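Novice: Residues per chain are reported as follows:
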Amino acid sequence: MSQTEAMRDLHSAATSHRGDRVFNRIVTAAAFTSLVVLAGIAIFLGFQAIPAFQTQGIAFLTTTDWDINTDPPTAGIWGMLYGSVLLAVIGLFIAVPASLLLSIFIVFLAPQKVAKTLTNLIDLMAAIPSVILGLWAFYILNPPADEWQRLLNQYLGWIPIFQNDSGNFLGTPFIAGFVLAIMMIPIVTSVTREVLGRTPPDLINAAESLGCSLYTMLRYVALPYGRGGIIGGVMLGLGRALGETIAVFFVLKVVFETNWYKIIESGGGSVATLIVGRFGEVTGPFELQLLLAAGFFLFIGTLVVNVIANLIVNRTGRLQK
Amino acid sequence: MSTQTLDQSRLTELSEQQLQRPWRKKPRKFTLSVILAVIIPAAIVAALFVYSDIPGVIVLVVIYFPLQAIAAGISAWLTRGTRSIGDSFIIVTALGATVFSLVVLVSVLGSLILRGFRALSAHFLYQNSVYINPSTPLEYGGIGHAMLGTFLIVGIASLIAVPVGIATAVYITEVRGRAVPYVRFFVQAMSGVPSVVAGLFILTIAVSTGLFNQSAFAGGIAYAILMLPTVARTAEEVLKLIPDELRMGALALGSTRARTVLKVVIPAARTGIITAILLGVARVIGETAPLLLPLVTTMELF
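From first to last, the protein sequence lines are chains X and S.
Add 2 to a position in the first sequence, counting from 1, and you land on the number used in the numbering used here.
Add 1090 to a position in the second sequence, counting from 1, and you land on the number used in the numbering used here.
None of these hints come from the bench; they were simulated from the model.
Check the hints yourself; a few may be wrong.
Unchecked claim - Here are the simulated SDA-like pairs of lysine to any residue, each with C-alpha atoms no more than 25 Å apart in a straight line:
(1) S:1353 with S:1267
(2) X:255 with X:148
(3) X:118 with S:1121
(4) S:1330 with S:1365
(5) S:1330 with X:192
(6) S:1330 with X:28
(7) X:118 with S:1195
(8) X:118 with S:1179
(9) X:255 with S:1202
(10) X:118 with S:1330
(11) X:115 with S:1190
(12) X:264 with X:150
(13) S:1330 with S:1281
(14) X:118 with X:128
(15) S:1353 with X:264
(16) S:1330 with S:1372
(17) S:1330 with S:1367
(18) X:255 with X:281
Said to hold, decoys possible - Partial list, computed: chain S residues near chain X (C-beta under 8 Å):
(19) 1177
(20) 1183
(21) 1191
(22) 1192
(23) 1202
(24) 1254
(25) 1260
(26) 1261
(27) 1383
To be verified - Every beta carbon over 12 Å from chain X, so not counted as near; a handful from chain S, in silico:
(28) 1217
(29) 1219
(30) 1358
Owing to the predicted nature of the structure, the values given are computational and were not obtained by experimental measurement.
A virtual CB, placed ideally from N, CA and C, is assigned to each residue, including glycine.
Construct the entire structure; sequences and hints are all you get.
Specialist: Okay, structure coming up:
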């Protein structure tokens, strides 16, 4: 730490040179590009969102109809906002246990070589482009998923979330959530793996010598120790899921109704998918502005989730140093 | 002096490796019982697969997983007592999650390769798809136009995002100004911008300012927005690994700060910075949504 301060003093002493000052200014300007871009997105999209609110009022956020050609046009994105969250929650239900267990396996159970290979494979999984995942889901995942959902409906149909009245099991929130889970697993795993791996060996050794088994060690030492980081990793995955567009576009049938809980009923919503899906057939500048307004709220939502996630991850990172 | 510290660090590393994993020592009986606990449920399930007509998913999820967990619990209980039942449960579920992820990965890659390799050939990479329709034989046509477009747009994005990203990293690790925590925070926040929002943003600028129209350039800027945080964060990690002695040495020899960064620090981190650029390219090269919006009309222009 003191060395850093010494370096800073050295640097500030060296700024007397004119070329250095120019260099300094250029680098500082570049460093604030990210702020400028973030502010730019907020301002430009926010500005475009104004007409949507002038015509629709608060109903733009609370209703689900999308009828542009009527007079006056009605448009609301509640179903999409809710649908995005529903898909993300389904994804989290699969991805969080899977990635936690996966990172427990990598950190505590697997031999060093297996752990390394697995880590690389999971990173490879993160590198699959979302459009390829969408194609895969459409052609490969859809048929078996159709069967799984039929079975779920057949045996567990009495539970409200497994109701299906239409008999159509494609384009459901369940499939879309499953695809999102596949996208989230590598992100969440990479964070939880690091957090669990940073549990001090002294603590583990102490727990083991006090007679802890692996289960009790995880339960009382490793998981509580890494709780903040794990929550942060989950929220990073959530941020990714909320903004995901193309993979969901392939497998979700976007309908302008609020699908409250029937996760294996065809039809759901997602803000990002709404934007891409409607964009090709925009009927006029007004509908474009509605989509831009939807994008504004998508941006705000993901930004809030990501900022909270990063704050949590950074804080636990500092605590552990 | 330096060799001594090296040896010391290697020593501590070694002892840490040995100290770190005391839970590794397992009695041989344990291994045997685990093998049995794996084989028996697998045999039962294989028999069910062959001799009954219960759907495969049900066999797997409703019968195999619980059976496997119970078998592992019993074997643990017999060899190591009640308290190890939790352990065996963790092991079984962790293995299950690992297998699940690997199956998904193999399925994605395998289906791509198995279904796609028939169409793969040299001409597929450079021919374009003009005059090509679904009934054209596989000897004709390709993705040449798409490859060219991808190179063009990723190239434009790299031209913008790489200098800015590295400069951001230089600000964080070399200039170390007062705003470092804020800059890092903004870069992190920027890495969460959904790709479709980046596309909408560029579209809005294009429409409202008229500075540029919907073109490869617009797509390149949208990509650059997504690429910048990846490049900046990776380059920051890399530059942090450069020892301060190098910087101090350069400054002590009388070089200015700009020269220290440009001639000493960045060349020393060259390979790492190339990694940062490649990671940035990998981040955007598979993105779809940002181009769908700003580029939508150029399909007709080409």
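Novice: Work down the list of hints and note, for each, if the structure agrees.
Specialist: These are the hints, each one checked on the structure:
no.	hint	in the structure
1	S:1353 with S:1267	holds, 21 Å
2	X:255 with X:148	holds, 14 Å
3	X:118 with S:1121	holds, 23 Å
4	S:1330 with S:1365	holds, 14 Å
5	S:1330 with X:192	holds, 21 Å
6	S:1330 with X:28	holds, 20 Å
7	X:118 with S:1195	holds, 16 Å
8	X:118 with S:1179	holds, 23 Å
9	X:255 with S:1202	holds, 24 Å
10	X:118 with S:1330	holds, 24 Å
11	X:115 with S:1190	holds, 20 Å
12	X:264 with X:150	holds, 15 Å
13	S:1330 with S:1281	holds, 20 Å
14	X:118 with X:128	holds, 16 Å
15	S:1353 with X:264	violated, 61 Å
16	S:1330 with S:1372	holds, 22 Å
17	S:1330 with S:1367	holds, 16 Å
18	X:255 with X:281	holds, 16 Å
19	1177	holds, 5 Å
20	1183	holds, 5 Å
21	1191	holds, 6 Å
22	1192	holds, 7 Å
23	1202	holds, 7 Å
24	1254	holds, 5 Å
25	1260	holds, 5 Å
26	1261	holds, 4 Å
27	1383	holds, 6 Å
28	1217	holds, 22 Å
29	1219	holds, 17 Å
30	1358	holds, 16 Å
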